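Undergrad: Sequence:
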Amino acid sequence: MTLITSGRLGIGSWIAEGFVRGGGKVYIIGIREKNLQGVVEKLNDSALRKALNHVSDVTIGEDIKQLVRFVDKREDSRGVLVNDASNYLLGPRIPHEATL
Numbered sequence: 002m003t004l005i006t007s008g009r010l011g012i013g014s015w016i017a018e019g020f021v022r023g024g025g026k027v028y029i030i031g032i033r034e035k036n037l038q039g040v041v042e043k044l045n046d047s048a049l050r051k052a053l054n055h056v057s058d059v060t061i062g063e064d065i066k067q068l069v070r071f072v073d074k075r076e077d078s079r080g081v082l083v084n085d086a087s088n089y090l091l092g093p094r095i096p097h098e099a100t101l
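Residue numbers for the sequence shown follow this note's numbering, beginning at 2 and rising by one.
These aren't lab readings, by the way, just hints derived from the structure by calculation. Note that the structure is a prediction, hence the values are computed from the model and not measured. Fair warning: there could be bad hints in the mix.
Unchecked claim - Here are the simulated DSSO-like pairs of lysine-lysine, each with C-alpha atoms no more than 27 Å apart in a straight line: (1) K51 - K26; (2) K66 - K51; (3) K26 - K66; (4) K26 - K43; (5) K35 - K51; (6) K26 - K74.
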């Protein structure tokens, strides 16, 4: 079982596709259900219903707790976590040159 945060596009979706093609079960996590459903449908067209989605904001503690409960109800054990989510809560990035 693989849990991928923000696996809707780019690297996250490629990782999800790889796990599904290899026979793995994938949970794709994100904040927009419509977007997640599209990815899951695409993956499930090429597999044996091995992709699921769950709406969750991994920057919110209660959402993380709900996500853990969601997965624990469906799985006997946990496997791989791919954290592909990003956020900018730490403020603007300072270019490396500005710190010299």
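Undergrad: Could you work out which of the previously given hints the structure breaks and list their numbers from low to high?
TA: none
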